[in-house]
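Residue numbers (this note's numbering), protein chains in the order written: chain A, 1 to 107; chain B, 1001 to 1100.
Across the chosen pairs, the derived CB separations fall in these ranges:
id, chain 1, residue 1, chain 2, residue 2, range
1, A, PHE61, B, LEU1017, 32 to 40 Å
2, A, GLY94, B, ALA1003, 41 to 49 Å
3, B, GLY1081, A, VAL4, 53 to 61 Å
4, A, ALA6, B, TYR1077, 40 to 48 Å
5, A, GLY94, B, ALA1053, 42 to 50 Å
6, A, LEU5, B, ALA1003, 14 to 22 Å
Derived pair list, reagent style SDA-like, types lysine to any residue, alpha-carbon separation capped at 25 Å:
id, chain 1, residue 1, chain 2, residue 2
7, A, LYS93, B, TYR1077
8, A, LYS93, B, VAL1072
9, B, LYS1076, B, SER1033
10, A, LYS88, B, LEU1065
Derived by calculation from the structure, the hints in this document are not laboratory data.
Since the model is a prediction, treat every value here as computed from it, not as a measurement.
Glycine is no exception: its CB is placed at the ideal position from the N, C-alpha and C atoms.
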Amino acid sequence: MTDVLATVGYGLAIAGAVVSVIAASGMLRLPDVFTRMHAAGVVDSLGAALVLVGLAIAGGFGTASARLLMILAFLWITTPTACHALAKIARAKGLMPPEREQQETGP
Amino acid sequence: MAALVLALLTTAMALVLLRALLGPTVPDRILASNAFGTLTVLWLAAYAATFQAEDVIDIAMIYALASFVVTVAVLKYVEHGDLGAAPDDVPPAEPRGGRQ
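Generate coordinates for the entire structure from the input sequences, incorporating the hints supplied.
Below, the structure is given as structure tokens:
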């Protein structure tokens, strides 16, 4: 049973790390700040969830896994807040998504 | 197997750090440093699993708290140029009489 839990847990954690690498390469390759924000959201929600839940399952249930899940709950509250503030400030500094810019400069 | 998680997260951190160094605008750099902080929290959790060091999970928790506060503080500084600035919808306070 412990082996099954460790396999499932580390499988989830490796999947989360792969998702994080994909999202990080997306942050490197996507063209502007709003699309990069979309890629960063993948790290903050799916990557963090898979890694932390996987490690909590693999380590067995106890105080360590409870702390890992607390970290996950905290990240799920704070990262959308920071992302919202960041989008507001990027917009206030005059950055625009390309399609919106074309619509507004049209007739 | 946890060492593989550590290696992959280190790769992701290197890519995000490259964006923070390259990023043409200020919000790009703030976004990249915020994602770097999140990845650091995950890296610390994977470190704790790899080396059987449960204390590091507490460090990860504190890092998550501090990273959020620092991100919001930097965002406020970038927006207002002043960490003590009032929000937009609050009128500025009247100066006190005795404080010339």
